[in-house]
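Residue numbers (this note's numbering), protein chains in the order written: chain A, 1 to 249; chain B, 1 to 295; chain C, 1 to 333.
FYI, nobody ran anything at the bench for these hints, they're computed from the structure.
A virtual CB, placed ideally from N, CA and C, is assigned to each residue, including glycine.
One should not assume that every hint holds.
Stated by the list, open to error - Here are the simulated DSS-like pairs of lysine-lysine, each with C-alpha atoms no more than 27 Å apart in a straight line:
id: 1; chain 1: B; residue 1: 170; chain 2: A; residue 2: 149
id: 2; chain 1: A; residue 1: 226; chain 2: A; residue 2: 45
id: 3; chain 1: A; residue 1: 149; chain 2: A; residue 2: 45
id: 4; chain 1: A; residue 1: 121; chain 2: A; residue 2: 242
id: 5; chain 1: A; residue 1: 149; chain 2: B; residue 2: 286
id: 6; chain 1: A; residue 1: 197; chain 2: A; residue 2: 121
id: 7; chain 1: A; residue 1: 226; chain 2: A; residue 2: 242
id: 8; chain 1: B; residue 1: 170; chain 2: A; residue 2: 121
id: 9; chain 1: A; residue 1: 149; chain 2: A; residue 2: 71
id: 10; chain 1: C; residue 1: 127; chain 2: C; residue 2: 56
id: 11; chain 1: C; residue 1: 208; chain 2: C; residue 2: 327
id: 12; chain 1: B; residue 1: 286; chain 2: C; residue 2: 127
Said to hold, decoys possible - Looking from chain B toward chain A, a few residues come up when the C-beta cut is under 8 Å (computed):
id: 13; residue: 10
id: 14; residue: 12
id: 15; residue: 13
id: 16; residue: 182
id: 17; residue: 183
id: 18; residue: 191
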Amino acid sequence: MTHTIEKSQADTPGPETQAMLEVQGLNGWYGESHVLHDVNLTVNKGEVVTLLGRNGAGKTTTLKAIMGLLKSRSGSIRFNGTELIDLPARDIARLGIGYVPDDRGIFGSLSVLENLLLPPKVADGGFDLPAIYELFPNLEERLDSYGNKLSGGEQQMLSIARILRTGALFVLMDEPTEGLAPVIIHQIGHTVRRLKKAGFTILLVEQNFHFARELADRHYIVQEGKVVDQFRNDEIADNLEKIQGYLGI
Amino acid sequence: MFELLGIPPQALFGQVLLGLINGSFYAVLSLGLAVIFGLLNIINFAHGALYMMGAFVSWMLLTYLGIPFWFALVISPLVVGALGMVIERTMLRPLHELDHLYSLLLTFGLTLVITGVFQNFYGVSGKPYPIPAALTGVMNLGFMFLPIYRGFIIVMAVIVCFATWFLIEKTRLGSYLRAATENPEMVSAFGINVPLLVTLTYGFGVALSAFAGVLAAPVYSVNPVMGNDLIIVVFAVIVIGGMGSIMGAIIGGFSLGLVEGLTKVFYPEASTTIIFIIMALVLLFKPSGIFGREV
Amino acid sequence: MSKQAETTNRTTAIHQSRPPSDARARMTRHHMIVFALIGLFVVIAPQFLYPVFVMKLLCFALFAMAFNLMLGFGGLLSFGHAAFFGGAAYAAGYAAKVWGWPPELAIAFAVLVAAVMGAAFGFLAIKSRGIYFAMITLAFAQMVYFYALQAPITGGEDGMQSIPRNALFGLVDMSGDGPFYWMVVVIFIIGVLFMYRVIHSPFGEVLKGIRENEPRMISLGYQVQRYKLLTFVISAALSGLAGGTKALVFHLASLVDVHWTMSGEVVLMTLIGGMGTIFGPIVGATVIVTMQNYLANLGSLVLIIQGAVFIVCVLTFREGIVGVIAKWLKTRL
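If we strip away everything but chain A, and leave its shape as in the complex, we get (with noise of 0.2 Å):
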């Protein structure tokens, strides 16, 4: 089953206003409990668009519902024009979908190499090993060592390393900071607007507002499993207590 993007609305002009993802109505459950009510985001091209919330809030849940990794979902989530509510994960992933996900899905029987070689190529255009490489340059240090020998900053720097090769331009990333030193979230905060620059579209799952409010463009607040609210980046300083109130900080 192939899905190809529509011609028509990926010429369109003016990338700001073109959207790339459109969440609308989005209800999941995991077994019998309703975990995401009616859930609406849009992300558009070349944004990087964040999902603020507490534990729990149903952010990780919606990365997953867009995935096609929770298997019980309704509503809408149209990707470049195509349908994804019906589509399984491997679908999605070829529509040009990378995942990131908050445990890095780092496989620990697989060497660094043999991680970064995994995810087949989604389209043209993905980066070259070099240019890996010169992204993250620890990695080709360790390339045969086995992903569960890696610390937790190299497991997420390649868990984003190996997206890039598949040429996927949109990115759903799960918490990329989480358990990790000032350091290297630094370091994850430069690859981020390297991406951004190099044309990716990402969006973000974070508990670290401070993280967020320095890459993203546009922040959803997810509270028990619904979008309440959200804000442009340049209103957050405007909304400064209103926002510290919804993540609790």
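For this one, chain A is given, so just place chains B and C on it according to the hints.
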């Protein structure tokens, strides 16, 4: 001629050879089980019945169609592997989300059906299968005479085990398999068709058992129950080697065959139970198996 | 690691879920009706069925119940129960034939042998779970099979034949099927009541707790392994009771009794009747024994049919006959 502990060397070497041949079958069969277990997390009880089927298909190819051994060595695993894929798609897949014990029970049921069908048509007596002409005769190794076909079994088993190991550990497809064994959800999130991978893996594991069956046809009589007791010994081999461990299956298979052969020389009464006794000891001291990771 | 946890979580799916608590009041009444039906059956059955057939049925029903104690209430699927059943059959046969023991002692000896075997295998296997446990028990049972095949006392391929029943307490001659029938009935009822008692005892409650949520029971301070091991020993001993009795019923203990196909048969009986139900194994044993009886002259077709029933049950009828009835009645049977 020297004697070792009162055993004439001819008898010793003869049993070592028999042990290695049994070990060859243990290795190929437990390898197939390990590959299947790794990805599907199920124990394929029908493995012995499918091994028997592999032998029977090659017998049928020869008897009804005149197709010789060398072609059967390829055709029979393909036929049985294809059947395996059908089984996976139609019966095992619906059970995937349930307790894996159900899959064990299902493959147990399949074992009864497959065995019953062959018994129904061919009875329980064995069907002879000739050793291919090119492999008849005996080779003088200096210290013993080696029937060429028996040597061939060992060589083929080693080749197949090595090839499978290489496929899994050193190729792109193998990395998909290892990755999916670890985290199938993540693999599917990269656009890889995991259900297809599962079907192919089951088919491959089953084809390995059929391959062992074809190798067995000329040395054991081809009969519907030939895999029945063998498979349980192979289960013990797997527990000893470590569930799902490729290396454990290969090394465990050959060495336990050897141990069994040596037991026949030194203490024949225990030769059929020695592997189970070793299993008990392994469970006592290293429950995850010799090559298994601690759980 | 995560795979292991997943397997553990899934294990709970195989068992019938707990009944709603308002059903508990009616529970005893339903059970009393079932007991009355069983009592009625054993009394009138000899009027229209061959006593040997009914005795066989009772032995296998007892065997299946003993097996189910392990699966339905201990949460572990043993694929090696033939070792206890068949091992006990040989033990009873040996005691009766070689030592000339009366039937009650021969059977008691059989129970003891099965319990000791259960303790030994259980000690080694109990730490493993799910399919590991199934495989390990299967392998141990196969060891017993190979032993029985070779050992001088078992009669090898021919089995141990012409086992005498001798006289009950050395006084009442049991060689006729008439009197022995009642002895089997008494053994069966004692076995069933004992298991019923175990399931509904505080011990049984702990078992159910382990089955539902093992980590919680561990954190509550229960010695989970010991509970499981004891269950395994009880299950083995009662399988031995069934096997020893069966040897005296048929005057025969053979390799069939220790082979893994026997282990598979008892799984099938339990599956058809309803895993984790109290009375399911009795129904399942009745179905299978009756089927074997009427299809005996079809030869290998029996194997095919049995296998097909297995497959169909696993794919579409996992609750079993009694499981379905219990659902209709909204109770636990």
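List in ascending order the numbers of the hints, as given earlier, that are violated by the structure. When the structure is compared with the hints, numbers 3, 4, 9, 10, 13, 14, 15 turn out to be violated.
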